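Novice: If you want the building blocks of each chain, they are given just below.
2 protein chains.
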Amino acid sequence: MWRGVIDEYRERLPIEEGVQAVTLGEGNTPLVEAPRVADQIGFGGRLLLKYEGLNPTASFKDRGMTVAISVAAASGCEAVICASTGNTSASGAAYAARAGMKAIVIIPEGRIALGKLSQALAHGATVVSIDGNFDQAMKVVTELTRRCNVVVVNSINPYRIQGQKTAAFEICDVLGAGVVTSRPRMMGFQAAGADPIVRGRVIENPETVATAIRIGNPASWKTAEAARDQSGGIIESVTDEEILVAYSMLASGEGVFVEPASAASLAGLRKVCDAGGIEDTATVVCTLTGHGLKDPATATHESPEPISARADAAEIIRLLKL
Amino acid sequence: MWRGVIDEYRERLPIEEGVQAVTLGEGNTPLVEAPRVADQIGFGGRLLLKYEGLNPTASFKDRGMTVAISVAAASGCEAVICASTGNTSASGAAYAARAGMKAIVIIPEGRIALGKLSQALAHGATVVSIDGNFDQAMKVVTELTRRCNVVVVNSINPYRIQGQKTAAFEICDVLGAGVVTSRPRMMGFQAAGADPIVRGRVIENPETVATAIRIGNPASWKTAEAARDQSGGIIESVTDEEILVAYSMLASGEGVFVEPASAASLAGLRKVCDAGGIEDTATVVCTLTGHGLKDPATATHESPEPISARADAAEIIRLLKL
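Chains as they are written, first to last, in numbering that gives the first Met the number 0: chain A, 0 to 321; chain B, 0 to 321.
Here chain A stands alone, though its shape is the one from the complex:
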């Protein structure tokens, strides 16, 4: 049985031997072949989808969180804290509960639909709504981390990114590559309204339908650029419209339901294919970061309304041309 990413890849993670893994069985997510979508975007190679929405809290964040929380728990810390309204708070609260630790989530007042917090609330996190914006919430988090025995689990926690790299290990393992001898090309795509790396400057008020990547000043900015440069990759932007087209392709073309942010990878691949930027001999993996159930409203909004009919088979046969 799969033991979670720490015990599967412990020798490649900065975790001391005695540290016990706080795990919910994260990782080991499906790598799904996507021939129909490949056709649709005019890509002649092999396209695979790494479906990270099937992690315990329905996003890739669990890979990093298991490492961050395990280390925090081993250090004797009793509480973790983050400023987040989405996937980070969901994952942080779940793993804190698993470890028997408290979780504190700081959110900006009045801007958050309670539904977005359903996971953090369910996992028993203490949610504090402050009279300030996200930057101020982050400042409060930083100060609390300095003054109290709490560990921050936002992306600035260095163990997060260490755990997240295990998705790449799994992809190589499943493709039969193990330890690879050539470097895969890393391509990153930001939403056009939240694309600081593409523009080379902080975006003060990022806006995009892809809420999980609505970030104006990413914590791993420099390392993302380094990954791009060292691998001959690119970091470009895709519009919300392109993201939503890819989002629908995945759900209705392959049966893979993701949150909009996840579709940025396919939207980007489509753009690169259109520009002739990729060989038909290539194997491409699109990482799909979160499950579509994270954002049911977008699915409903992007779909046609139900058809109304009498409770009569003949009428329905006629209406649907069956």
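Calculated directly from the structure, the hints in this document are not laboratory data.
Some hints here could point you the wrong way.
Any copy will do: because identical chains look the same in the list, a pair fits if it lies in one copy or spans two.
Unchecked claim - Each computed EDC-like pair below joins lysine to aspartate or glutamate, with the alpha-carbon atoms no more than 16 Å apart: (1) Lys-138 <-> Asp-172; (2) Lys-138 <-> Glu-108; (3) Lys-270 <-> Glu-235; (4) Lys-320 <-> Glu-301; (5) Lys-115 <-> Glu-301; (6) Lys-101 <-> Glu-77.
Just so you know, these numbers come straight off a predicted model, no measurement behind them.
Fit chain B to the given chain A structure using the hints.
Specialist: Relative to chain A, chain B alone:
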């Protein structure tokens, strides 16, 4: 890599050799140790949780749907149909999309929040809202199945239950039991407002917070009774209140977020333990059928409101007693 339940267990499924699996990598879900919850309910044995919410469409239904849709696709059928507002329509629509088939979902008019259909809609299902109740929707489905080249994927489809049994195979495999020589005791728990097997009669208007098991006349009634009788098991009811207590225990005690129906198994175990009906040497597996994200409203409803505070660390330290 895990190949989905058909190719992992093909020799134990009624699937002909030539039938290609329509799969999204379902199955292979975590079996999570739950020592904290075991303590909380006073169970001294080993408690494990089979976390079926980590299937592709976030419920156990995918196990049966991969079999039903694979067989339908191999037969040359071009559309599947169901009457469902929840997990069945989500799973049916996803696997139909994966197979390149049409999916039709018949729902009773005016009783369904559109959010509950977000998955079916995202996967491109045609949703027809009829002026009638659920029974009439099911009648329309049956008639359409008779008159057109469509396959029903409600529970009356016999391939569904065949696929669903693979959860038991996985549990035995992971516990190192393989093909078991003794029969596990099967315990089933229905919600008190939707407990036809417990009462021995159809429930006309079933009611429970656990919407996924709000069923008054289950398709597998007789086989459920047979499983109970042949294994020395029980089928009892648990109240909505008991379900919600178990629901919170799982999320805040172990970090495992489920939809309310899933918590019926733990609520039942707790009741059995209270009555002294289980030995402390036992290994018990609770099947958790669906992910908590299927029903975010219940999580929000069952949790305290966020605390309001100024954007000031000192105030928050005082408020939270950090």
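Novice: Are the hints correct? Go through all of them and say.
Specialist: Each hint, compared with the structure:
Taking identical chains as interchangeable, the C-alpha atoms of Lys-138 and Asp-172 are never at most 16 Å apart, the minima being 40 Å within one chain and 49 Å between chains. In this assembly of identical chains, Lys-138 and Glu-108 lie within 16 Å of each other by CA distance solely inside one copy; the values are 15 Å within and 49 Å between copies. Proximity of Lys-270 and Glu-235 under a CA criterion of 16 Å is satisfied intra-copy only: 10 Å inside one chain copy versus 56 Å between copies. With identical chains, the CA atoms of Lys-320 and Glu-301 are never at most 16 Å apart, being 23 Å at best within one copy and 45 Å at best between copies.
In the homo-oligomer, the alpha carbons of Lys-115 and Glu-301 lie at most 16 Å apart only across protomers (15 Å), although the nearest pairing inside one protomer, at 19 Å, exceeds that limit. Taking CA atoms no more than 16 Å apart as the test, Lys-101 paired with Glu-77 passes inside one copy only; the shortest distance there is 6 Å, against 51 Å between copies.
The structure is inconsistent with the numbered hints 1, 4, although it conforms to all the rest.
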